[in-house]
Amino acid sequence: MQLDHNKIEKKWQDYWKKRGLFQTAEDPKKKFYNLVMFAYPSGDIHVGHCKNYVIGDVYARYMMRRGYDVLHPFGWDAFGLPAENQAIKIGTHPEKWTLENIQTSDESLKLLGISYDWDREVITCLPDYYKWTQWMFLLLYKRGLAYKKEAYVNWCPGCQTVLANEQVIDGICYRSNCRATIEKRKLNQWFFKITEYAERLLAGLDELDAWPENVKVMQRNWIGKSTGCDIVFKVVGHDISFRVFTTRPDTIFGVTFMSVAPEHPAIDELVKGTSFETAVRRYAQEATKKTERERIEKTKDGVATGCYAINPVNGEKVPIFVADYVLPEYGSGVVMGVPAHDARDFQFARKYDLPIRVVINPPDGQLSVDSMKDAYEDPGVMVDSGEFTGLDTAAGAKKVSAFLARKNVGGPSVNYRLKDWLISRQRYWGAPIPIIYCQKCGMVPVPENDLPVLLPKQVTDFVPKGRSPLAAVEDFINTTCPNCGGKAERDADTMDTFVCSSWYFLRYLDAHNDKEFCARDKADRWLPIDQYIGGGSEHATGHLIYFRFFTKVLHDAGFISVDEPAVHLFNLGMVLKNGEVMSKSKGNAVPARQFIDKHGADVARLTILFAAPPEREMEWSDEGVTGAERFMQRMYRLVTENREVIKEERPSRISKESEELYIKINQTIAKVTIDLESFKYNTAIAALWELMNALYGSSVRDEVFGYGIYAMIHMLSPFVPHLADELWSSVDGEGSLVEQTWLEYDIRYAESKAKIIVIQINGRVRSHIEVTGGISEEEVKEKALGDERIVRHLEGKSIRKTIYVPDKIFNIVAA
RNA sequence: GCCGAGAUGGCGGAACUGGGAGACGCGGCGGACUCAAAAUCCGCAGUGCUGAAAGGCGCGUGGGGGUUCAACUCCCCCUCUCGGCACCA
1 MQLDHNKIEK KWQDYWKKRG LFQTAEDPKK KFYNLVMFAY PSGDIHVGHC
51 KNYVIGDVYA RYMMRRGYDV LHPFGWDAFG LPAENQAIKI GTHPEKWTLE
101 NIQTSDESLK LLGISYDWDR EVITCLPDYY KWTQWMFLLL YKRGLAYKKE
151 AYVNWCPGCQ TVLANEQVID GICYRSNCRA TIEKRKLNQW FFKITEYAER
201 LLAGLDELDA WPENVKVMQR NWIGKSTGCD IVFKVVGHDI SFRVFTTRPD
251 TIFGVTFMSV APEHPAIDEL VKGTSFETAV RRYAQEATKK TERERIEKTK
301 DGVATGCYAI NPVNGEKVPI FVADYVLPEY GSGVVMGVPA HDARDFQFAR
351 KYDLPIRVVI NPPDGQLSVD SMKDAYEDPG VMVDSGEFTG LDTAAGAKKV
401 SAFLARKNVG GPSVNYRLKD WLISRQRYWG APIPIIYCQK CGMVPVPEND
451 LPVLLPKQVT DFVPKGRSPL AAVEDFINTT CPNCGGKAER DADTMDTFVC
501 SSWYFLRYLD AHNDKEFCAR DKADRWLPID QYIGGGSEHA TGHLIYFRFF
551 TKVLHDAGFI SVDEPAVHLF NLGMVLKNGE VMSKSKGNAV PARQFIDKHG
601 ADVARLTILF AAPPEREMEW SDEGVTGAER FMQRMYRLVT ENREVIKEER
651 PSRISKESEE LYIKINQTIA KVTIDLESFK YNTAIAALWE LMNALYGSSV
701 RDEVFGYGIY AMIHMLSPFV PHLADELWSS VDGEGSLVEQ TWLEYDIRYA
751 ESKAKIIVIQ INGRVRSHIE VTGGISEEEV KEKALGDERI VRHLEGKSIR
801 KTIYVPDKIF NIVAA
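The first sequence: position 633 = 633 (the numbering used here), numbered continuously.
The reader is advised that the hints may include incorrect statements.
Claimed, not checked - List time: in silico DSSO-like cross-link candidates among lysine-lysine, alpha-carbon distance up to 30 Å:
hint, residue 1, residue 2
1, K89, K184
2, K7, K31
3, K31, K17
4, K142, K89
5, K31, K680
6, K184, K31
7, K647, K755
8, K149, K11
9, K515, K29
Hints were generated in silico from the structure; no laboratory data involved.
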């Protein structure tokens, strides 16, 4: 009797669809929003992609059986560079390529039997979606959170567009097919003011108890809060003062120079018309041309400006340098140089023979400048610091801050590493930025009624030339001003696709609404996401910050009541093949469709689920497939060969010889239930496998045995739903198992009656005794000491003491 | 450099709150069925020494110390792997 997976799977998928089992309840009594991160449509899906969907599906189906009204949607993050690059390569339109990919992938996904509510599918590149992406832009614009500024930005020469900070990894483009070294360019670009939410994004992490710690740590690092103090240095002979940030105000008496970033706008004025001008200009120019990496890798250097600044605590004059180790984007782009207590300043001072002044001593010693090989950066005690001498770092920092504040030359201050999110892109395949430039009125947002600003389809030249291909589309660019009706031009840039993905979870709630991105009552009904199943930790400092940011903005604007999007987050490990991440471009992808065709969706599901715990990386191997296939066949046979004894009632009478089997059944129900709730699907399946082995090995074919098979069928349903429903119907079960309440175990038979108590001597296992029912410590001791092997081992030794762990271990300490 | 996660048989991986390490699977070996093979079913198996065998004794969760009657689990030090951050003042 062979299992015909193709036939069975088709049958049940059709049935689920016909019954509308996965259509979301309009009026949920017990809602559960189960969300799997949506995907980029890159051709067809492979088994590596399937992991996310399968794991999300197991959870969704389990929650359905727990009586929840589950919302389990899917969609496509459909804008983005690969479509455009493909268009350039083979001449097809990005939209065509993308929509075809989506269609193919949808078909494959449906073959997997995932319980999606397909009616809510969202596709971000379609106008009814990106209309609302543009609406989001306008919302941020109105709230002062979207702005345009000229700044040094990350330019990817490969992609011919600017990138957000989050998309630059080690100075390299984040796109795996690009990996070009990022350059700095001064350009006028759109930013979202995520920094305004830095503190709330940071503080909110403390409330996210059910997020993995590593993701929270990564976000904290990314936001990079430091507390310190601002200090104002006046420049001698100029009407300029620098407000510098430091985390170590206690080292203020050790300042011997200042360094200004080469990008700093004040440089011009400092050196104009002086003998330093040429050298400084040249240095600044060269420095700005360098990539971030080049700047990091070279030794610290700089150039004198001939100007001096005044230390506000002691009135000392210190020279001002331009140095490219100073970052223009952090703090004010100016730092005070304290060589004795900062490694970078130390290097710089040694190079230019600047004075090094020790103002902090270690708690238990004394530093001397001559013998110092490195800066002393740890906390210590202030010395040579006027009235502050003798204070330790913590107290000193506080006192100095307060002193500066009192004198109105600085004071306590906080800085974040997080930078504003650069969202404009010089590429075609994205949502157009809904802004119009009027010669008379200036920058004018597109009125909401005019949305969407449609992406023109007649474009044929997608080759990036440093500006958006849209700039060349006259029909698109030329428009009239919504204000005055005069001649005007549209913004030619499109938005970062991370903008599209920052709010997609809201669109699922009301996917067909053409009046709002989502009706308020629907948002209130379904938010927050109860379980977010994330693709991997690479999203920790990108998408997972952005969508928190959007949630907070929409909350502040009164559109949703939550201010964190997701309660639980579960991050999955990737699927590898031959030690590398499975992907089409690496050529190691196992196409899902092909695999399902040959082995079936349930085998694919089982292979994925059993191979490794979901959060860990898993290596795809054919050996895993063999096991899964065997499991399916054995289960199928178990049912077909014993159909007449399968019973859905708990056994009324438990005979002596089937008692242990009944206990095993109940233990399995308990174990599988716990594991389902905590995403330990691999051990849940191991438990099912054990029960199956026990059923195969059972010598009785009574009602306990029959109930065991029944329970197996039940428990299989989240993991291998097609097989489970097929078996369910073959034993006259009604409908689909997703409609059946999850099994409860019989608490009276949850613990094995037969116990083995291990007898140890000095912690080594020497023997064991078997007991059924209760036994007292005295009895155990008596039996243990009477045990032949124990007696032999105790020869010539005396018993010091004994330890008894009830029903488990009896340890004799002897010497 | 800093932060986080991890290292367990030939392999993927189990092990509650400190209580028999190696569940379950793959592969392997032996047996049954078969003319034979596949499939299937049953059994064996961490490793060393010892024993004809049943068994016995030792060693074993990256390495080294420690706490404990008892350590994969707790503490200290070290090595390696993976991920993140890193000129952030």
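Outcome of the hint check:
1. K89 / K184: holds (27 Å)
2. K7 / K31: violated (33 Å)
3. K31 / K17: holds (21 Å)
4. K142 / K89: Not OK: K142 and K89 at ~39 Å, beyond 30 Å, violated.
5. K31 / K680: Answer holds: K31 to K680 is near 23 Å, not above 30 Å.
6. K184 / K31: Roughly 48 Å separates the two Cα atoms, so the pair is violated.
7. K647 / K755: holds (29 Å)
8. K149 / K11: Between K149 and K11 the Cα gap is close to 58 Å, so the pair fails against 30 Å, i.e. violated.
9. K515 / K29: At roughly 26 Å apart (the allowed maximum being 30 Å), K29 and K515 satisfy the hint.
Hint violations for this structure: numbers 2, 4, 6 and 8, all remaining hints satisfied.
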